[in-house]
Amino acid sequence: MLLLYLVSIPVPATCVPQSNSLALKSQRAKELMAEGNFAQAIPLYRELNQAVPNNPGLMLNLGMALQMAGRKREAISELEAAVKLDSRLAPAWLFLGTARLQLGETTAAVEALNTLLDLQPDHREAHQMLAGALLSLDRVEEATEQYQKLTEFDPESPQAWYGLGHSYETLAGRAFDKLQGAAPQSSYSLGLLAEARLREQQFSSAFYLYRRALEEKPTLRGIHKAVAEIYRQTGHPDWASAEEKKESQLPAPECPTQTLECDYHAGHYNELIAAAKRDNTADSFYWRSRAYNELAVNAFTRLGQLPPSAELHELKAHIYNSQKRYAEAAGEWLEALKFSPTDAQIQKQLAISLKLGQDYGAALALLQDLLRQQPASAELSYLVGDTLLDLQRVEEAIPLLKRTVIRDPKFLAAHKSLARADLAVGKPVEAIPHLKAALPSDDDGSLHYQLAQAYQASGQSELAKKTLAEYLEIQRSAAVARESAKRETEITAP
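In our numbering, the protein residues as written are -2 to 491.
The set of hints was computed from the structure by calculation and includes no laboratory data.
A couple of the hints might just be wrong.
Lysine-lysine pairs mimicking PhoX-like chemistry, simulated, CA-CA at most 20 angstroms apart [said to hold, decoys possible]:
| # | residue 1 | residue 2 |
| --- | --- | --- |
| 1 | 242 | 222 |
| 2 | 345 | 335 |
| 3 | 463 | 433 |
| 4 | 214 | 242 |
| 5 | 399 | 433 |
| 6 | 313 | 345 |
| 7 | 175 | 274 |
| 8 | 243 | 214 |
| 9 | 335 | 313 |
| 10 | 433 | 462 |
| 11 | 175 | 146 |
| 12 | 81 | 69 |
| 13 | 243 | 222 |
| 14 | 407 | 433 |
| 15 | 399 | 424 |
The calculated label-pair distances, taken between Cβ atoms and stated as ranges, are [said to hold, decoys possible]:
| # | residue 1 | residue 2 | range |
| --- | --- | --- | --- |
| 16 | 440 | 116 | 51 to 61 angstroms |
| 17 | 474 | 250 | 35 to 45 angstroms |
| 18 | 250 | 469 | 24 to 34 angstroms |
All residues carry an ideal CB built from backbone N, CA and C; glycine is no exception.
Work out the full structure, taking the sequences as your base and the hints as a guide.
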């Protein structure tokens, strides 16, 4: 495919010896590119550019050779010069977009890819790259359009269906966030929260939220049906039948006035979304979120109908992770790697699932290899350090965790792990600033307790006393909340 983009040197009638020499040089450079010897092709293309200056095709060739040799910054300079001379040179825009993406210059990459698609609207690779770039820039609606086009170009593409489903999921989450901002305690918010818990098989929590939603709005259609599903999943088929009967007794929506709900039940999701965007009400946010969720389900269902792929196994892995079934998730990541053995993101996710499943040794080997490839990554430094800490290899963990908090001072989990490591080696004074930094993430009081202990060990008794009192208060509040939650989330008869 690369050779299709290379420009050859035409041989004019005059200056035949020189032209023959240039043509031979051009042919040799092309052969080197075909062999994958990109670095060796670079000096030949430089000589050709000197011999035939201001030739956009030769600039493209040099830019491609530099790009393929990993010299992306130099490649960009040549490719930009090429498109200045010939703005319709589509391959130059493709390689320019690729180089920009690889350097993390995503906004500039989007501009290059859009220009390419203006020239070649059916360029699938460009649509794929553009969709991913837009998604990384949080321009989700634009990314969704690109993924939709990809599914039309190639209905058998797992990448397109997976990307489309992920985009719709993101849009559903945004609509829900807007609903939470507008009406956090409404039946709509409670119902969507319950739906998310049900997907994660958190039956007790989902049951409680659905019950609260019914208290707020007894006529909200779909809630009794969802409660019936919980009853069936937890071994109460008779209770499920009673809930289904209640659902069937609810009046049908009045379609002239409840158009969003009617569109939803009719499966007219795109029409619903277009209509709902005109309003900023709890009702519109709710039905928009549900419609996006259904579109995501449809995309993922289509993905599941295709032959096995990395994307299908990624989807299954994410589902297992959400259900805390980490061993099964790791198995799916391993299957995904069979399709994309060098994919660093899949390798990282596999390591995280192994770590969460307490297979620390296997996780560590993967994470250390990834860190060697990406030594500047604060996240990987943290994951390696924290996994070493899990293995009680504290002295090895500390330098990595220190490096993490230097690179990213707001990385609360890294501060927490570093404090844990400092305490483990008897350095309470060093642990104190990291415990204080991590306090915003203390949801059970454990960090307050450790901080109190560190203050005491370092001779700061007044601060220790104050922090211990805060810990006890957090514990009391947590105990009350647990008892209340236990009573509230008990699955009871209708």
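Verification of the supplied hints:
For the hint linking residue 242 to residue 222, the alpha-carbon distance of about 9 angstroms falls within 20 angstroms, and the restraint holds. Among the hinted pairs, residue 345 with residue 335 is consistent with the structure: their alpha-carbon atoms are about 15 angstroms apart, no more than 20 angstroms. For the proposed pair residue 463 and residue 433, the alpha carbon gap of about 14 angstroms is at most 20 angstroms, so the pair holds. For the given pair, residue 214 sits about 17 angstroms from residue 242 by alpha-carbon distance, which is consistent with the 20 angstroms threshold.
The suggested pairing of residue 399 with residue 433 holds, with an alpha-carbon distance near 15 angstroms, which does not exceed 20 angstroms. Pair hint residue 313 plus residue 345 holds up; C-alpha atoms about 16 angstroms apart against a cutoff of 20 angstroms. For the hint linking residue 175 to residue 274, the alpha-carbon distance of about 12 angstroms falls within 20 angstroms, and the restraint holds. The suggested pairing of residue 243 with residue 214 holds, with an alpha-carbon distance near 14 angstroms, which does not exceed 20 angstroms.
With a C-alpha separation of about 15 angstroms, the suggested pairing of residue 335 with residue 313 holds against the 20 angstroms cut-off. Between residue 433 and residue 462 the alpha-carbon distance is near 15 angstroms, which keeps this suggested pair within the 20 angstroms criterion. A distance of roughly 27 angstroms separates the Cα atoms of residue 175 and residue 146; the hinted pair therefore is violated under the 20 angstroms criterion. Taking the CA atoms of residue 81 and residue 69, the gap is about 18 angstroms. The hint holds against a cut of 20 angstroms.
Taking the CA atoms of residue 243 and residue 222, the gap is near 8 angstroms; set against the 20 angstroms cutoff, the hint holds. Restraint check for residue 407 and residue 433: the C-alpha separation of about 12 angstroms stays at or below 20 angstroms, so the hint holds. Distance check on the hinted pair: residue 399 and residue 424 sit about 14 angstroms apart at the alpha-carbon level, within 20 angstroms; holds. The supplied range of 51 to 61 angstroms is met by residue 440 and residue 116, whose beta-carbon atoms lie about 53 angstroms from each other.
Between residue 474 and residue 250 the beta carbon distance is about 42 angstroms. The supplied range of 35 to 45 angstroms therefore holds. For residue 250 paired with residue 469, a C-beta distance near 52 angstroms fails the hint of 24 to 34 angstroms.
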